[in-house]
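K.L.:
Here is what each chain is made of, one letter per residue.
There are 2 protein chains.
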Amino acid sequence: MSNICNKKNEKTIKIGIVGYGHLGKGIEKCLAHFPDMQLIAIFTRRDPESLSSQSRVEPFDRINEFKRDIDVLILAGSSQDIPALAPSLIADFNTVDCFDNHDKIAVYFKKMDDIAQAHNKVAIVSTGWDPGLFSIQRMLMEAMLPNANTYTFWGPGLSQGHSDIVRRVDGVKYGIQYTIPSDKMMEKIRAGQKVDYTLATAHRREVYIVLEEKVDAIKITKEIQEFPVYFAPYQTSVHIISEAEFFANHQGMPHGGRVLRQGETTDNNKATYEFSLKFDHNPEITASISLAFARAVHRLYTEGIFGAKTVLDIPLRYLSLRDHDDMLEHLI
Amino acid sequence: MSNICNKKNEKTIKIGIVGYGHLGKGIEKCLAHFPDMQLIAIFTRRDPESLSSQSRVEPFDRINEFKRDIDVLILAGSSQDIPALAPSLIADFNTVDCFDNHDKIAVYFKKMDDIAQAHNKVAIVSTGWDPGLFSIQRMLMEAMLPNANTYTFWGPGLSQGHSDIVRRVDGVKYGIQYTIPSDKMMEKIRAGQKVDYTLATAHRREVYIVLEEKVDAIKITKEIQEFPVYFAPYQTSVHIISEAEFFANHQGMPHGGRVLRQGETTDNNKATYEFSLKFDHNPEITASISLAFARAVHRLYTEGIFGAKTVLDIPLRYLSLRDHDDMLEHLI
Numbered sequence: 001m002s003n004i005c006n007k008k009n010e011k012t013i014k015i016g017i018v019g020y021g022h023l024g025k026g027i028e029k030c031l032a033h034f035p036d037m038q039l040i041a042i043f044t045r046r047d048p049e050s051l052s053s054q055s056r057v058e059p060f061d062r063i064n065e066f067k068r069d070i071d072v073l074i075l076a077g078s079s080q081d082i083p084a085l086a087p088s089l090i091a092d093f094n095t096v097d098c099f100d101n102h103d104k105i106a107v108y109f110k111k112m113d114d115i116a117q118a119h120n121k122v123a124i125v126s127t128g129w130d131p132g133l134f135s136i137q138r139m140l141m142e143a144m145l146p147n148a149n150t151y152t153f154w155g156p157g158l159s160q161g162h163s164d165i166v167r168r169v170d171g172v173k174y175g176i177q178y179t180i181p182s183d184k185m186m187e188k189i190r191a192g193q194k195v196d197y198t199l200a201t202a203h204r205r206e207v208y209i210v211l212e213e214k215v216d217a218i219k220i221t222k223e224i225q226e227f228p229v230y231f232a233p234y235q236t237s238v239h240i241i242s243e244a245e246f247f248a249n250h251q252g253m254p255h256g257g258r259v260l261r262q263g264e265t266t267d268n269n270k271a272t273y274e275f276s277l278k279f280d281h282n283p284e285i286t287a288s289i290s291l292a293f294a295r296a297v298h299r300l301y302t303e304g305i306f307g308a309k310t311v312l313d314i315p316l317r318y319l320s321l322r323d324h325d326d327m328l329e330h331l332i
Numbered sequence: 001m002s003n004i005c006n007k008k009n010e011k012t013i014k015i016g017i018v019g020y021g022h023l024g025k026g027i028e029k030c031l032a033h034f035p036d037m038q039l040i041a042i043f044t045r046r047d048p049e050s051l052s053s054q055s056r057v058e059p060f061d062r063i064n065e066f067k068r069d070i071d072v073l074i075l076a077g078s079s080q081d082i083p084a085l086a087p088s089l090i091a092d093f094n095t096v097d098c099f100d101n102h103d104k105i106a107v108y109f110k111k112m113d114d115i116a117q118a119h120n121k122v123a124i125v126s127t128g129w130d131p132g133l134f135s136i137q138r139m140l141m142e143a144m145l146p147n148a149n150t151y152t153f154w155g156p157g158l159s160q161g162h163s164d165i166v167r168r169v170d171g172v173k174y175g176i177q178y179t180i181p182s183d184k185m186m187e188k189i190r191a192g193q194k195v196d197y198t199l200a201t202a203h204r205r206e207v208y209i210v211l212e213e214k215v216d217a218i219k220i221t222k223e224i225q226e227f228p229v230y231f232a233p234y235q236t237s238v239h240i241i242s243e244a245e246f247f248a249n250h251q252g253m254p255h256g257g258r259v260l261r262q263g264e265t266t267d268n269n270k271a272t273y274e275f276s277l278k279f280d281h282n283p284e285i286t287a288s289i290s291l292a293f294a295r296a297v298h299r300l301y302t303e304g305i306f307g308a309k310t311v312l313d314i315p316l317r318y319l320s321l322r323d324h325d326d327m328l329e330h331l332i
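As given, the protein sequences belong to chains A and B, one line each in that order.
Here the working numbering is used: the first sequence runs in plain steps of one and ends on residue 332.
Here the working numbering is used: the second sequence runs in plain steps of one and ends on residue 332.
For the record, the hints were derived by calculation from the structure and aren't laboratory data.
Hints are supplied without guarantee of correctness; some may be wrong.
Pairs involving identical chains hold if they fit within one copy or between any two copies, as the list cannot separate such chains.
[Unchecked claim] No farther apart than 30 Å at their CA atoms in a straight line, the calculated lysine-lysine pairs in the BS3-like style are these: (1) LYS278 with LYS25; (2) LYS270 with LYS29; (3) LYS219 with LYS270; (4) LYS67 with LYS110; (5) LYS29 with LYS194; (6) LYS194 with LYS25; (7) LYS278 with LYS184; (8) LYS270 with LYS184; (9) LYS270 with LYS14; (10) LYS219 with LYS29; (11) LYS104 with LYS188; (12) LYS270 with LYS25; (13) LYS29 with LYS188.
Keep in mind the model is a prediction, meaning the values are calculated, not measured.
Using the sequences and the hints, build the whole thing.
P.N.:
In structure tokens, the structure reads:
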């Protein structure tokens, strides 16, 4: 990678992280591979002393004291927190987030755009892999192959949301859920065959649980399988395992997914576009993508282009460490 | 696709096509799937009467009479022609091209940018699938997974350039060449194993030829296999077939390819990004992509953003027929 070097006249981008859960930790670690960036501080609502980080940790209440020290704030809170938190920060900071509640993105975007415009700040909303990288792929594929259909598949991988539901069931000591996409349906799509795609027909769910002592395994299995929205519409298998097996084999955070578009350029000339991701550590991939967009935020701000942006609103070169000549030579 | 409709207040984009080879014909056909566009004329250096098109065909010499009637001119000539042709057109027209001579793109871009800036015109250069869509993928993947390596594979598919070389060999009546990527190497890359990737180790070449009568098959085979740059560095198989088989089985223009990036988010956490394309008709895929970029050219021009652009220089939303709210709802 010796041909990519940070231009000497471009100053280091100073990063702040809000939140220190899986994503915040991922950003802190992945920053090592973004040589044009420097972590200033992590902000937390917990006791800063209680965090196991080697970085500077500050109480969230003091964040406004860092207005001048931070170029881009990455909001690593949950999607429950972000719509309340982000509008209170965008007047004073440029931000990137991974807000992934699809139904609420339009309203959130508008709110952020109004405040960012009014205060000459930049926010890139809903980065990460989906929404984010997958949104870009859906857009490209649709524009470049109009006579076709797009399908998104998630997994194989661990879903935090579904695992949380499993763990809340009475009698479950530990639990985890893997989302498995239908390989058979993907094969049919690639072959140009008609498929009945819904979230529930395109995915199945594999649940691994460790039970408390003296509980009714059949009742618990049924309760999980019948849980509305999250499990009931899907083919859901529940595997009861030992605590030892749980800690030996179910501690990772692997995930992945796929965007497929299949159709025709003109009559009978078939075409398929396919993008896939596969990774061991979900929060770190999301972190890496949010860091690339933090670079774009900083550049937009430097150029005086303010407001909220989606991943579809910015020239992609803003994501790269390469200068334009270097891109022409090595990427085009 | 009923949710994508051309906004009524956006006027139809008037398209001109320069050249009527495979690509020009592909653009003419694929336009049917771009409802916001209208073909004004095809320009040719041949006798317009000799073309089998149902569209309006005009001699290239008269193209300047159409300055006011055409929003975007798509340059469908060969990559040999474009560096000479395009600079003579960009002063009067907005253009899109599929110039694919990687070594000369930087010089070509600069020349087009200077003229386009001076005349308030827009050119998007080097669209198509590679360069073009693959350039976008290489950029995204590198920015979003910095600690990794990128590999591009071409094929399985028919290479026009290599087929041309084969057909020029004395004694070859008909000939065609397929580029076959190494599935084994791709598997190794996905598994995170070290590979010795060069163009020649990552691809092999399959040649199918019909011989003239009374020629030396062994000599011809050797001549093809030893042809420098195009064949000598590769594992090349030459198959001698009958004219009947050639016309029965080797008349399509299928192609495809793949961009793979494999590495780690942080230590030991592996990640793989993969984009692939597979299609029956190479010129039509290139045509579809160039049409999406023609839409972007028109919008840049309408917004007063002039100059030459690469595919990395423009917000992706300019490629889409959807408006911003619709994108937020359906693509993000």
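K.L.:
State whether the alpha carbon distance between LYS219 and LYS270 is at most 30 Å within one copy, between copies, both, or neither.
P.N.:
neither (49 Å within a copy, 38 Å between copies)
K.L.:
For the identical chains here, do LYS67 and LYS110 meet the 30 Å Cα criterion within one copy, between copies, both, or neither?
P.N.:
Answer is within: at 23 Å inside a copy they meet the 30 Å cutoff, but 40 Å across does not.
K.L.:
I want to check one pair: LYS219 and LYS29. Are their C-alpha atoms no more than 30 Å apart within a copy, between two copies, both, or neither?
P.N.:
Answer is neither: 42 Å inside a copy and 60 Å across each miss the 30 Å cutoff.
K.L.:
At most 30 Å between C-alpha atoms: does LYS270 with LYS25 qualify within a copy, between copies, both, or neither?
P.N.:
Cα proximity of LYS270 and LYS25: across copies only (17 Å, versus 44 Å in one copy).
K.L.:
First find the shortest C-alpha distance between LYS270 and LYS14 inside one copy, then the shortest across copies, and answer within, between, both or neither for a cut-off of 30 Å.
P.N.:
between (47 Å within a copy, 27 Å between copies)
K.L.:
How would you classify LYS194 and LYS25 at a CA-CA limit of 30 Å: within, between, both, or neither?
P.N.:
between (43 Å within a copy, 29 Å between copies)
K.L.:
Indicate which option fits the pair LYS29, LYS194 if close means a Cα-Cα distance not exceeding 30 Å: within, between, both or neither.
P.N.:
Answer is between: at 24 Å across copies they meet the 30 Å cutoff, but 44 Å inside does not.
K.L.:
Is it within a copy, between copies, both, or neither that the alpha carbon of LYS270 lies no farther than 30 Å from that of LYS184?
P.N.:
Result: close both inside a copy and across copies, 19 Å intra and 26 Å inter.
K.L.:
From the Cα coordinates, with 30 Å as the cut-off, is the pair LYS29 and LYS188 best called within, between, both, or neither?
P.N.:
Only across copies: LYS29 and LYS188 sit 27 Å apart there, 40 Å inside one copy, limit 30 Å.
K.L.:
Treating 30 Å as the Cα threshold, decide for LYS278 and LYS184: within, between, both or neither.
P.N.:
both (18 Å within a copy, 18 Å between copies)
K.L.:
If the cutoff is 30 Å on CA atoms, where do LYS270 and LYS29 land: within, between, both or neither? Let me know, please.
P.N.:
Between copies, since 14 Å is at most 30 Å while 43 Å is not.
K.L.:
Is it within a copy, between copies, both, or neither that the alpha carbon of LYS278 lies no farther than 30 Å from that of LYS25?
P.N.:
within (20 Å within a copy, 38 Å between copies)
Hint compliance for this structure: hints 3, 10, 11 are not met, and every other hint is.
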